[in-house]
Structure formats: C-alpha cells, structure tokens
Amino acid sequence: MNSANVVTIALSKGRILEESLPLLSALGLEPAGDIDRLLRVPSKAADVQFLIIRPTDVPTYVEYGAADMGIVGKDILMEHGGAALYEPLDLNIARCRLSVAAPKGYVPTPGKRLRVATKYPEITKRHYAARGEQVEIIKLYGSMELAPLVGLSDVIVDLVATGKTLLANGLVEIEQIGPVTSRLVVNKASMKMKHARIRELLVQFEATVRG
Amino acid sequence: MTKLWMLPDGMEEALPQQAWRAEGLRRALLDHYRAAGYELILPPFLEHLDSLLTGAGADLDSLTFKLTDPASGRLLGLRSDMTPQAARIAARHFADTPVVRLCYLGTVLRTRPDALGGPRSPRQVGCELFGMPAGGGAAGADLEVLSLMLDTLRLAGVADVHLDLGHVGVYRAVVDRLALSAEDETTLFDILQRKSRPELSAFATALGIDAEAAVALQALTGLHGDVSVLQSAAATLSGYGDSVVLALRTLEQVIAAIARQHPGLPIHLDLAELRGARYHTGLTFAAFAPGHGRELARGGRYDGVGGEFGMARPATGFSADVNELLRLGAA
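Here the protein sequences come in this chain order: A and B. Position 3 of the first sequence, counting from 1, maps to 3 under the UniProt record's numbering, and the rest follow consecutively. Position 282 of the second sequence, counting from 1, maps to 282 under the UniProt record's numbering, and the rest follow consecutively.
Next up, chain B with everything else stripped away, as it sits in the complex (with noise of 0.2 Å):
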C-alpha cells in the first residue's frame, strides 16, 4: 500500500544535518571553481525537448522526463544532466570569447537510475571548458579539468580515490577502420562496455571482420591496468596510425602530470572504457572510491559540442554528483 508520505522511487530529500552539510559543501566547492576561473550558470529546470536531447544529450532520450506544454503544444523536457545546457549556453551567450569556462551545481531527474538502487534525483555539480582543444601545452585544458575534479573530491572530504584514465581516439582508431553499420556499432560498443571476449569473437566471425582487426578489438579488451598499458598498447595497434599514437601520448603527459601534482595517487588506465557516452571524443577519466561499486564522478572530452546552436568548438569538462560525494566524503 502507498502512504501518502512516501516518495517516489530514487527521489532524495536531506533533512537539516544533512542539508547543512550539502549546503557547506556547495559553498566551498563553488567558491573553489571561482578562484580556478569558472563562471556559475542556473540553467532552467525544463526546456524545450529537442535542445536538450542534441550533441552532448543524444543519448539522454530514454532517461529525459517529459511533458507537454500547454501553452505552445511543444514537447519539454526536465534536464537529466546540464552538460547539454551548458553546452548551449557557451555556443548562445559566449559565442564571441574564444575560451569559456562555466560551473553549475542542481538537481536533475532521471526516468531510471544510472546504477542498480541509484537515486533518480542527483544534485549534479560540474565544470566545463570550452575552446580548449587537447594537448595545448601539456594537455592544458584536460589537465585543467581533471584537477578539478580531484579537488572536488579533495573538499568533499572523500578518502583513497583512484582515478581511471582512458582515450576514446584509441576505440575510434580501430574501430573506424571497420566500416560497420551504426548498429553494428551499437552491439560492439555494447560488447566492449562489458568486455565481453567471448561475444567479441562470435561478433568477429559473424560480421567477417579480417584477422588483424580481430585481434585489435580482442586486444582492446585486455588494454587497462597499470601505465605499462601505454607499452603494450603502442606495439599492438602500431598499424593504426598517427591518432593512437597521439592519444597514447596525451594519456602519457596527463599521467606524468597527476604524478607530480597528486603524488600516490593510484592511477588505472583503460583503453576499452566507453563509459556509456557516445559523445566522447578524447581523454576520458573517472574517480572511484573503496566501498562505492561505481565510479564517484566522471568526466572527458567532447569536441564540436555546440554545433547544433551555431557554434561547434572544443570542449572538456567533469561532473559528480553532491549527494554521493557527501554519502561518502567527511565533509
């Protein structure tokens, strides 16, 4: 039987300890991406269906609650993640500054949550940086953004993070030489989020793919580890040209970096790590933490962003959600 006091599945309310204490993270977090340089947006609670669901929000479709406007008939949407808002924001309103920095902290509601018994209203807080294509002077922009979320977690107070690293330019490489149907790819992105080997070789064999290239997506699947990944990866995908290479040494100049910025910090890499994101398209991260059985904030590059509202550009940028950061930080 339903009482009237209950909520909903996955909605999250904080009574007073709680909510001071999101409240003094909140405070001390915005404070922080203020002196790093990051302007703070409010971006609406509902919009127009259609601009929250390009570039960035292509995939949020099926997580996106919706209703209708009464006033114009249009489809709306409540915002299920606000990368894609601030994506629109720096392509309308920042459109003339060649970099753009931006920060926000709100809730969004999701049809369904990310994880098994996850909440379905997580207080997103994040950052976002535009203009800033990789590499740029020791992986400048990525490293910028990547710092912040290990601030984050740093003032969240959340104890023994591990940061996972990964490079989408490594999947891509091997995978464009295939030529397969988007829906081929769909299954062998789906296959590779699982590091399903067995179903890997069936989807080999059943699609005729060539032995070299075979081998390369069995690889990918055994590419994550310690940094001698980076070894191992450049001799067995040497034939995949100049963007391996290159997303090998971005992760290379990032690793060194985090070493001396974050010295014993434990650092894993995974060249298979999709992370459930379609739109990825360069270093990719996430942050886990003893005792959480996911990832605690997630974050990467995702360059053109922005085209749908006039103005394509690079862009790198992180986000975590509040209420996880407090279930498991000392802040």
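Okay, chain A solo, but in the shape it has when bound (with noise of 0.2 Å):
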C-alpha cells in the first residue's frame, strides 16, 4: 500500500495525461521521470507521486487505496458506479461527449429491439431505461465504429471529441447523452487520514482551473 508520508495520484494513460500536464506544472508537481515508459513516476515536489494507468483502472486503484487521488473522465465514473469515490473537482480537461451514433440514413425498425454497440454497457443500459426503452447491449472493447457497418449492432454509444471518426466510417451522431470532463477524485480514508496536503492539493487544482 501506499504510504502515510507520500501522497499517490492515479492519471490516466493517453489523451487525459497530456491534458494533465499543464495543470501539473502549474502546481509545481511535473513528473520527474521518463512517463511513456514507468509506471511509478516520482514528482518534482518530494511528497507526491504519480502512477501511470490505463484509464479504467484509475477507480479501482483510488477505490482500494493504492492511490489517494486520480484523474479520470467522467464516462469512466460513470461506468464504474457506486459511491466509492469523493469526485470534488471537474478539471476541465479532455472535454469531449458520449454520444448515439448511426450508419448516415438509418431509420429505426419500429417493433425491433435496438441492439447497441458500446464500451459503456452501464451508462446505455441507464440511457434507454431512463427513457423507458428496452435494448440489446453489446460489449465491445474497441473500434465501436465497425459495428453497425458489419451489421452487428444497429447504433452505438461511444465518446466523441471532434467526430472525425465516425465521419470517416460513414456515422452520424443522433443523440448526445451528456458532456464529458476529467475529475479529480479521492479515496475516502485518504481524504480523512491526510487530509492537511489532500486539502491544499484540492485547492490548488481548483486555483489553477479557475485560472
């Protein structure tokens, strides 16, 4: 487990940790290690470290304490459920929206049960429910994309940032579920038990996202 003098952050691997980086710095805490390649980074202030991690992963780690903070979508938190996690701070990064998209043209068989394609099984179940509709969900781990062309689903659910994507696969998007942020989240025993630099950590991130 992580230690009672160090405080641990989970970022996120990929578009979010690139996006991280400038708040980072501006709070004195860039990363003082190669961070495509380690996992555990030390920072350049002597009691923060970072531990570089797949997206998906940052809940469980904070959720269990091997880390004491995160940064994380909100698609992901989403997805994850549960009460588990403090979530105090919308950082304003890595913005972007989880989106319905469809083949150009497609119109909706009435009677047909809509089948889904999505890395987000939890957030399209709510969706449809929330609006009284029963749907086949299917799992997917990646290329949302290919699905509809290939016919194993009708639409699906996924993150769009710029929508080149699905423009370049012949999709459109016909429904947004709702924005997507990174947050900044919290383990709850850390919160209590290192609360003084939690504290001054929190507000310094929302300082220097207020600008």
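Be a bit skeptical, because a hint or two may be false.
Derived list of chain A stretches under chain B, where covered just means 3 residues or more per stretch with a C-beta under 8 Å from a C-beta of chain B [unchecked claim]: (1) 48 to 54; (2) 97 to 109.
With a Cα cut of at most 25 Å, we get these calculated DMTMM-like pairs of lysine to aspartate or glutamate [what the hints assert, rightly or not]: (3) A:LYS44 with A:GLU79; (4) A:LYS125 with B:GLU185; (5) A:LYS119 with A:GLU175; (6) A:LYS125 with B:ASP114; (7) A:LYS125 with A:GLU79; (8) A:LYS125 with B:GLU183; (9) A:LYS125 with B:ASP184; (10) A:LYS125 with A:GLU175; (11) A:LYS119 with B:GLU185; (12) A:LYS125 with B:GLU199; (13) A:LYS112 with A:ASP90; (14) A:LYS139 with B:ASP9; (15) A:LYS125 with A:ASP47; (16) A:LYS125 with B:ASP59; (17) A:LYS112 with A:GLU122; (18) A:LYS125 with B:ASP190; (19) A:LYS125 with B:ASP61; (20) A:LYS112 with A:GLU133; (21) A:LYS164 with A:GLU18; (22) A:LYS13 with A:ASP34; (23) A:LYS104 with A:ASP57.
No wet-lab data here; the hints were simulated from the structure. For glycine and all other residues, C-beta sits at the position ideal for the given N, C-alpha and C.
Hints are included, so try docking the two chains, each in its own frame, into the full complex.
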C-alpha cells in the first residue's frame, strides 16, 4: 500500500495525461521521470508521486487506496458507478461527449429491439432505461464504429471528441447523452487520514482550473 | 473452469492458526463488552424477509440473500446485518427495560461486497445501546458506544487509528428546508456521498433551488477537516436554526471527551459524511487505519428504531468485521 507521508495520484494514460501535464506543472508537480515508460513516477515535489495507468483502472486503484487521488474521465466514473469515491473537482480537460451514433440515413425499425454496441454497457442501459426503452447491448472493447457497418449492431454509444472518426466511417451523431470532462477523484480514507495535504492540493487544483 | 474445491466469490474461511486468532479476539471482545454491561444475543441466521428489511434494515433489500420457506410459502432472508435483529430483540423482549445494552458477533451474508473486492461473508461484531437519547450528560450514550468502538480496535491490536466524526442533523437541517421529492433527495444524497461539487451546482440549477440554499449545499461539501470545521459551520449555517447549533454542540462535547480519554488520537470531522445509511439521525462515526482504503468500523445514532416492532426508542451503536480487524490488527 502507499505510504502515509506521500500522496499518490493515479493518472489516466493517453489524452487525459497529456492534458493533465500543464495543470500539474502549474502546481509545481511535474513528473520527474520518463512517463512514457515508467509506471510509477516521482514528481518534483518530494511528497507526491504518480501512477501512470489505463483510464478504466483509475477508479479501482483509488477505491482500494493504492492511490490517494486520481484524474479520470467522467465517462469512466459513470460506468464504474457507486459512491465509493469523492469526486470534488471538474478539471475541465479532455472535453468530449458521450453520444449515440448511427450509419448515415439510419431509420429505426418500429417494434424491433435496438442493438447497441458500446464499451459503456452500464451508461447505455441507464440511458435507454430512462427513456423507457429495452435494448440489446453488445459489449465491445474498441473500434465501436465498425459494429453498425458490418451489421453487428444498429447504433453505437461512444465518446466523441471531434467527430472525425465517425465521419470517416460514414456514421453520424444522432443523440448526445452528455458532456464528459476529467475529474479529480479522492479515496475516502485518504481524505480523512491525509487531510491537510490533500485539501491543500484540492485548493491549488481548483485555483489553477479557475485560472 | 470451476473446480469442486473453489469457494463462491467473497466467502471467507479460516484455517487453524487464523481461526484460533479469531477465537481469541472473539473472547476478548465479548469479555470486554460484558464487563461494560452489554448482554450477548445470538439472533437467528434466517428470518422472515419483511422483518429483516424494516426500519434500520430498509436499505438492505438488494444486499439480502432470499429464499422461500417450503413450510409457510413466505419469503425468508439470510441476515445481511445484525443491527435490525438487535433492534427487533430490544423492542420485543426488553420493552419494559428503559435502557438496553446488547452485543452480538456472527457471520452475515451479503449478495455483493460493501466495497470492491471485499467479503460477502463478514463476521460482524457490534454493540447497540437502546433507550438513551443524545445529550444526557456530556453526550453520554454516543460517547459510550464510540469508546467501545475504539476499545474494539485496541483489543484487535489495530495501530494508528484515525477517527472520523459527523452529525446527520446538519445535513437534515439543510435538506429539510428544500422540501425535495423522495427521488430528488435520493439524487442529492448520492451527490453528497461523492462530494461532487460540479454535479451539486447542476442539481441546484435544475431544481431552481434558491441562491442561499445552494450556497449552504456547496458549503456542506467543504465542511470537513480538523476541529476548526465547527467554527466555519456555525458561521456558514447560522441561518439554519437550533438543530444545527445542537448538532455542532454535540460534536464539540464528544471531541472534548475523546481528546481527554484518548490523547493523541487523530480526529477528523466531516459534516457531509452520510456513510450510505439513510436511517442515521444524529452523531455518526467511523474508524480508519493507514494502509486500508476504507473504514474499519462504523456507527452512529438511529433514533426511533423499533417502531415497526411496537416500541420506538432512541438508539446508537457500532459494528465492524472481525475478519477485517484480524487482517489489520496484531491481536
């Protein structure tokens, strides 16, 4: 487990990490090591270290207390569900949206159960349940855009940043489920036991985000 | 492939060395509770589902394993928490006794773990004190139960315990004034459990909550930290009347008494901490220890319990999982 004198922050590898770096430097917390290769990296502050992990793993590390804090997309938190983490701050980075997309010119067949391909089965289930619609969910791990093209599904639920990938594959956004940005999450036990340092970091993050 | 020797997810067993440790701790704990005036009860493993799910058990529906009784055709539940059982026993069998002190220790079963990777068969230990309202001479009953929780951790050899204190009266005062529908209050409860300030602003805007109340809600998410939180709460929530003043005074008294009895014990306050339980009515508390990402023991006041069984009265109690105490403690 992580030590009592160090605050461990789990960072989501990829676009979120890239957009987190300017925020972290503004706080004097630049990673002091090769973030492309190392999984655990010290920071310029002696009492803060980073874990560089897959976005979907961030809530797990933070919930177990292997990391005290984390930076992760709201999409992952919505899919993870539950109330096991504090999520006090919207960092306003890696902005995109969760959307439903379908092949251009798609018309739903009345009376036929909709087939939805997604890597977000929980969000998808909740979204359609809120509209009173029972759908068939096909869980995929990547390249969602392919599914409707080969007849595996009717529509997809996925993250849309620019819409270029959809366009290139002949899909259009037909519905927006909601905006997604990255959030700062905190382990509940860490918030209580390392309160002074974590509170200080939260205030600094908030000031930096507000500009 | 499932092998015959595999256990279902989250089911725990103890092999000899571990089992003796568990037994040693069980004896030490029960002896201690007995010396403190607590009577031991052994509630049944299986009860009628409706009696398990009333009052303090109202949140346990989805956690409870169920089956049908072939003899009566009624739905039965395997206990997932012994607190409602203790409440039933106190109401039914001790109706004539003004103050009842009960303790229990036994396995409970849950359809899903409390936390990621946690057990579905915790060995629950706890004490419940019925019939003593809050206040009553330097926060008497609350302090008694809280001290027993700390004793429990000491007997289990858990080092470097951190105490977290809260009071549901503060949340209630702020929320009651909003007069929310049950569904909206559930949403708010969930948002506050996650201290999600962005969602809280969206919620206040969507429901057209007035500016003053929205500020109080946001303030609630920030009212955690050392004892100075009490002063900031008194200033921020001064317009919320006597119940807030009373809650803050209770906390102040408890903190003063704990600091006297347990000098050096780190105390953290969180006035928006709801601990997932909707039935709490007053002081709530939990214990944490380094190296463990979630609470080790928890408790609080739940006045009005037992009404469904014919006898409503004030109550406060705590519980913990013996297996978890053994994992973290040296006992």
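Check each numbered hint from earlier against the structure, then list the numbers of those it violates in ascending order.
-> Result: hints 1, 2, 3, 11, 13, 15, 23 break, sorted rising.
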